[in-house]
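Colleague: First to last, the protein sequences are chains A and B.
Position 378 of the first sequence, counted from 1, bears residue number 378 in the UniProt record's numbering, the numbering being contiguous throughout.
Position 67 of the second sequence, counted from 1, bears residue number 67 in the UniProt record's numbering, the numbering being contiguous throughout.
If you are wondering where the hints come from, they were derived from the structure by calculation, not from laboratory data.
As the structure is a computational prediction, the values presented were derived from the model and not from experiment.
Wrong hints could be hidden among the right ones.
Unchecked claim - Result set (EDC-like, lysine to aspartate or glutamate): computed pairs, CA atoms no more than 16 angstroms apart in a straight line:
1. A:K466 to A:D616
2. A:K713 to B:E97
3. B:K107 to A:E586
4. A:K106 to A:D155
5. A:K453 to A:D370
6. A:K576 to A:E586
7. A:K23 to A:D155
8. B:K50 to A:E107
9. A:K463 to A:D363
10. A:K467 to A:E627
11. B:K50 to A:E578
12. A:K373 to A:D297
Said to hold, decoys possible - Ranges between beta-carbon positions, derived for each pair:
13. B:L90 to A:F604: 17 to 27 angstroms
14. B:K50 to A:V620: 12 to 22 angstroms
15. A:W64 to B:E104: 38 to 48 angstroms
16. B:D53 to A:A691: 27 to 37 angstroms
17. A:T622 to B:T100: 46 to 56 angstroms
Stated by the list, open to error - Just so you have them, the derived chain A footprint on chain B, three or more residues with Cβ under 8 angstroms:
18. 3 to 14
19. 33 to 46
20. 49 to 55
21. 60 to 70
22. 74 to 81
23. 95 to 105
Idealized CB from N, CA, C, for every residue including glycine.
Below are the chains, spelled out letter by letter.
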Amino acid sequence: MSLLHLAILLPFIAAVFVPFLFKGFRSIHTGWFVLLVPLALFIYFIQYMPVTSSGQTVSQTFEWIPSLGINFTAYVDGLGLLFALLITGIGSLVVLYSIYYLAKEKEALGNFYVYLLMFMGAMLGLVLSDNMIVLYMFWEFTSISSFLLIGYWYDKERSRYGAQKSMLITVFGGLSMLGGIVLLYIMGGTFSIRELIGMSGDLMTEPLFLFAMILILLGAFTKSAQFPFHVWLPDAMEAPTPVSAYLHSATMVKAGIYLVARMSPVFAESGVWLWLVAGFGIFTLFWGSFNAVKQTDLKGILAFSTISQLGLIMSLLGLGAAALHFDTLDENMYMTATIAAVFHLINHATFKGALFMMAGIVDHETGTRDIRKLGGLVNLMPITFTIAIIGSFSMAGLPPFNGFLSKEMFLTGMISVFELDLFNLNTWGILFPVLAWVASVFTFIYSIMLVFKTFLGKPQFDKLPKKPHEAPIGMLISPLVLVSLVIIFGFFPNLLSNSMIKPAVEAILPSLTDAGQEVYVDIYFWHGFQPELFMTLGIILTGTLMYATLAKWQGIYNRIPERFTINGVYDRGLDKSESGSFKLNEVVMTGYMRSYLIYIFAFFVAILLSTMGIRDAFAVDTSNLAEIRIYEVALALVLIAGAITILFAKSRLTSIVLLGVVGYSVALFFVFFRAPDLALTQLVIETVSVALFLLCFYHLPEISRKEERMKFKMGNAVISVLVGVTVTLIGIASFSNSQAFESISQYHIDNVYELAAGGNMVNVILVDFRGFDTLFEICVLGVAALGIYAMVNFRGVRRQKR
Amino acid sequence: MEILMSIVVGVLFTSAVYLILSKSLLRVIIGTALLSHGAHLLLLTMSGLKTGDAPVLMDGVTSYTDPLPQALVLTAIVISFGVTAFFLVLAFRAYQELGTDNMEEMKGNDSND
Numbered sequence: 001m002s003l004l005h006l007a008i009l010l011p012f013i014a015a016v017f018v019p020f021l022f023k024g025f026r027s028i029h030t031g032w033f034v035l036l037v038p039l040a041l042f043i044y045f046i047q048y049m050p051v052t053s054s055g056q057t058v059s060q061t062f063e064w065i066p067s068l069g070i071n072f073t074a075y076v077d078g079l080g081l082l083f084a085l086l087i088t089g090i091g092s093l094v095v096l097y098s099i100y101y102l103a104k105e106k107e108a109l110g111n112f113y114v115y116l117l118m119f120m121g122a123m124l125g126l127v128l129s130d131n132m133i134v135l136y137m138f139w140e141f142t143s144i145s146s147f148l149l150i151g152y153w154y155d156k157e158r159s160r161y162g163a164q165k166s167m168l169i170t171v172f173g174g175l176s177m178l179g180g181i182v183l184l185y186i187m188g189g190t191f192s193i194r195e196l197i198g199m200s201g202d203l204m205t206e207p208l209f210l211f212a213m214i215l216i217l218l219g220a221f222t223k224s225a226q227f228p229f230h231v232w233l234p235d236a237m238e239a240p241t242p243v244s245a246y247l248h249s250a251t252m253v254k255a256g257i258y259l260v261a262r263m264s265p266v267f268a269e270s271g272v273w274l275w276l277v278a279g280f281g282i283f284t285l286f287w288g289s290f291n292a293v294k295q296t297d298l299k300g301i302l303a304f305s306t307i308s309q310l311g312l313i314m315s316l317l318g319l320g321a322a323a324l325h326f327d328t329l330d331e332n333m334y335m336t337a338t339i340a341a342v343f344h345l346i347n348h349a350t351f352k353g354a355l356f357m358m359a360g361i362v363d364h365e366t367g368t369r370d371i372r373k374l375g376g377l378v379n380l381m382p383i384t385f386t387i388a389i390i391g392s393f394s395m396a397g398l399p400p401f402n403g404f405l406s407k408e409m410f411l412t413g414m415i416s417v418f419e420l421d422l423f424n425l426n427t428w429g430i431l432f433p434v435l436a437w438v439a440s441v442f443t444f445i446y447s448i449m450l451v452f453k454t455f456l457g458k459p460q461f462d463k464l465p466k467k468p469h470e471a472p473i474g475m476l477i478s479p480l481v482l483v484s485l486v487i488i489f490g491f492f493p494n495l496l497s498n499s500m501i502k503p504a505v506e507a508i509l510p511s512l513t514d515a516g517q518e519v520y521v522d523i524y525f526w527h528g529f530q531p532e533l534f535m536t537l538g539i540i541l542t543g544t545l546m547y548a549t550l551a552k553w554q555g556i557y558n559r560i561p562e563r564f565t566i567n568g569v570y571d572r573g574l575d576k577s578e579s580g581s582f583k584l585n586e587v588v589m590t591g592y593m594r595s596y597l598i599y600i601f602a603f604f605v606a607i608l609l610s611t612m613g614i615r616d617a618f619a620v621d622t623s624n625l626a627e628i629r630i631y632e633v634a635l636a637l638v639l640i641a642g643a644i645t646i647l648f649a650k651s652r653l654t655s656i657v658l659l660g661v662v663g664y665s666v667a668l669f670f671v672f673f674r675a676p677d678l679a680l681t682q683l684v685i686e687t688v689s690v691a692l693f694l695l696c697f698y699h700l701p702e703i704s705r706k707e708e709r710m711k712f713k714m715g716n717a718v719i720s721v722l723v724g725v726t727v728t729l730i731g732i733a734s735f736s737n738s739q740a741f742e743s744i745s746q747y748h749i750d751n752v753y754e755l756a757a758g759g760n761m762v763n764v765i766l767v768d769f770r771g772f773d774t775l776f777e778i779c780v781l782g783v784a785a786l787g788i789y790a791m792v793n794f795r796g797v798r799r800q801k802r
Numbered sequence: 001m002e003i004l005m006s007i008v009v010g011v012l013f014t015s016a017v018y019l020i021l022s023k024s025l026l027r028v029i030i031g032t033a034l035l036s037h038g039a040h041l042l043l044l045t046m047s048g049l050k051t052g053d054a055p056v057l058m059d060g061v062t063s064y065t066d067p068l069p070q071a072l073v074l075t076a077i078v079i080s081f082g083v084t085a086f087f088l089v090l091a092f093r094a095y096q097e098l099g100t101d102n103m104e105e106m107k108g109n110d111s112n113d
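The following block holds chain A by itself, in its conformation from the complex (with noise of 0.2 angstroms):
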């Protein structure tokens, strides 16, 4: 256990402490303890980025289940160490600020922050580790921790249905995963990442791969909201606002980004791939920017705007795969994509985390949400109105914010599709740059709409339900934080480049520089007048315009019927699923013993018949039948009357009768099969069991005496008829087969004397051979004997009642 393990588990081990923190001192915002955790942890893995962007890494081995190939490999590269440096940097900034906006005499603190450092631990474990096992162990843990912080307010409705939304949605993706994950393992014979990607030439040939790669990206589509499983996202919005801006803007749905950045270098060659991943991104980027501008609340437009972004960087990975099929790195432009694709990923954990705090904010001194109702609140908070300004024109690509950088690099790629010739991306390609484009537009309207709508236009503070002002300055410091990064990011972007993004980018497209080619990153504001600055001025336009008029257009949104959305297709299935079992329950568990008894014996019959008619089991050997006999005809013929007559029998006492007839039939044929044990206790049990019978039958209560002739009933004939066809049919062929082994009945007939001193051979295998059934026999009939006399003697508590 090296110090790096002891980094990632001591979230953990803090989280431990939280409720004594929280119950110990009751004067101190709990809060305060915990930010020392995420603030040291930056620290340390700050020490880190002099390694990285050397081009090392470090790697420290914990075993945990060696014998299974299962360790705790801490990995730290330049990708991991971006993320745990956004982990750990947001997630200070998130505590700082959750310190002011919950309040410690209202909230459950304790629980709160337990949670909030069990995201975090597991966050870090899941982009430091190597082993896919563990990381998967990670990856569910933040399904988790996110469902209990989303959660959190457990008295709202709306919390309990987000928090069961994005656990079924992201657990059923963390479970494809691991499904990916094993087909991997079966395929590599390891569970190393770096082993993997050591061997994916290998595997690009095997017939799972294919299975694999998509396993693995349901389960990062569904974790990082991809269309059609966004869905969760926005109804994750539930929680507390520190919560929204640390999982589900920086950290938690970029895990699903971090693990196709991952695993690229495994996949990527494959066309499939850059389809499937650049594909959904570019669709996702499309469908959250166009439903984000239909929202009215704060929180949703960021939760929409959110999976828009993250659909963004998706497709920019999915594009830098392309990269691979180049052999030099200078003229490589899609290099670039992965480059703008970690750019975004930084750039967009800043604007969108000061964003989300904004949101807070104003929900903190307004009371609302709802751009409706806000308005004017420029002048009374000109702080957070500048936080929101920076943010939304970063989100929208203006310059000279760090946004506008990688929504260029992003046209970039997105225009080069034109001149890959691969995987017929020069035909149905022209879908990237158009989507690309149109999705930027409505970026640009709901960020335009989230600042305007809320702080300029006509103040209505009459609809607020509190009066508004400026908030506390604590609150202010983180948002103000991220948004000077934004500036700082803006203006000099090559701060980052050498520190994060190479290293990072080198992580996920090793085979190239492997190579000994080096990436370089050089990222500019002045590309002169190249296309994309054109398309940039197009969608400022464009925007602008829509903008303006966009009353007049907004009705396209309620064109859609809600039953055809995604939420409407989520919301009916877990219906229709939910009723469909128990539809599914109600018919086939009637509660009636015959129905079954009837599945058992259809499937006994369906069963065994098909298995004979299959394996052409039947067969009929005569060679070593008994001679039959005429009183043995005659008797068997007494036995089957009497069996076939009791089905017939008017009255009970027949019936009984009868069962009597057949029972001392049997005892005979045991006579004549030359078994005189067996027929001695045949006819005294017989006799007991028609006592006991009668004596039942005279206990009949009066309404049941009614005898009447059982009712006919096809169905039952027939099950009963195969049952006996199919049991026959068994006897005959097991007994033509049954030559196969001899029996080792030879050696109890030689020894019976000899061994045991007793002539009478079945007693002899009862007692001494084998002794142990007989033993256990006794019990069962001690174990009746007790049970019937319980039974009789104990009344139960319906008796007293009565």
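We have chain A already, so just place chain B on it with the hints.
Modeller: Positioned in the frame of chain A, the structure of chain B alone reads:
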């Protein structure tokens, strides 16, 4: 003989299954009794019938019937007797408590699932 016995066993099973599927509890128990008769006869038949004398050691006899299935059947008879007796008393108590012996009425209602 074995084929004849297989048919007899088949008939016993048929009647047993038919009775078990019926409504009256008493007939269900009669059905189980018939089923055990069928099973016992099947056990004995499958080892071959009348291959020698009764399995009691006697001078001058070289060929005995297989004693092992007989021991098994003996055990089975005793156990099925114990179970049948238990069931009968159970049925008797069920009459007493529930006032019916109709299987269809013993389903309970939806409220006490």
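Colleague: Please go over all the hints and tell whether each is borne out by the structure.
Modeller: Outcome of the hint check:
no.	hint	in the structure
1	A:K466 to A:D616	83 angstroms, violated
2	A:K713 to B:E97	29 angstroms, violated
3	B:K107 to A:E586	13 angstroms, holds
4	A:K106 to A:D155	14 angstroms, holds
5	A:K453 to A:D370	10 angstroms, holds
6	A:K576 to A:E586	15 angstroms, holds
7	A:K23 to A:D155	22 angstroms, violated
8	B:K50 to A:E107	86 angstroms, violated
9	A:K463 to A:D363	13 angstroms, holds
10	A:K467 to A:E627	107 angstroms, violated
11	B:K50 to A:E578	61 angstroms, violated
12	A:K373 to A:D297	10 angstroms, holds
13	B:L90 to A:F604: 17 to 27 angstroms	25 angstroms, holds
14	B:K50 to A:V620: 12 to 22 angstroms	19 angstroms, holds
15	A:W64 to B:E104: 38 to 48 angstroms	58 angstroms, violated
16	B:D53 to A:A691: 27 to 37 angstroms	34 angstroms, holds
17	A:T622 to B:T100: 46 to 56 angstroms	51 angstroms, holds
18	3 to 14	holds (count 12)
19	33 to 46	holds (count 10)
20	49 to 55	holds (count 7)
21	60 to 70	holds (count 6)
22	74 to 81	holds (count 6)
23	95 to 105	holds (count 9)
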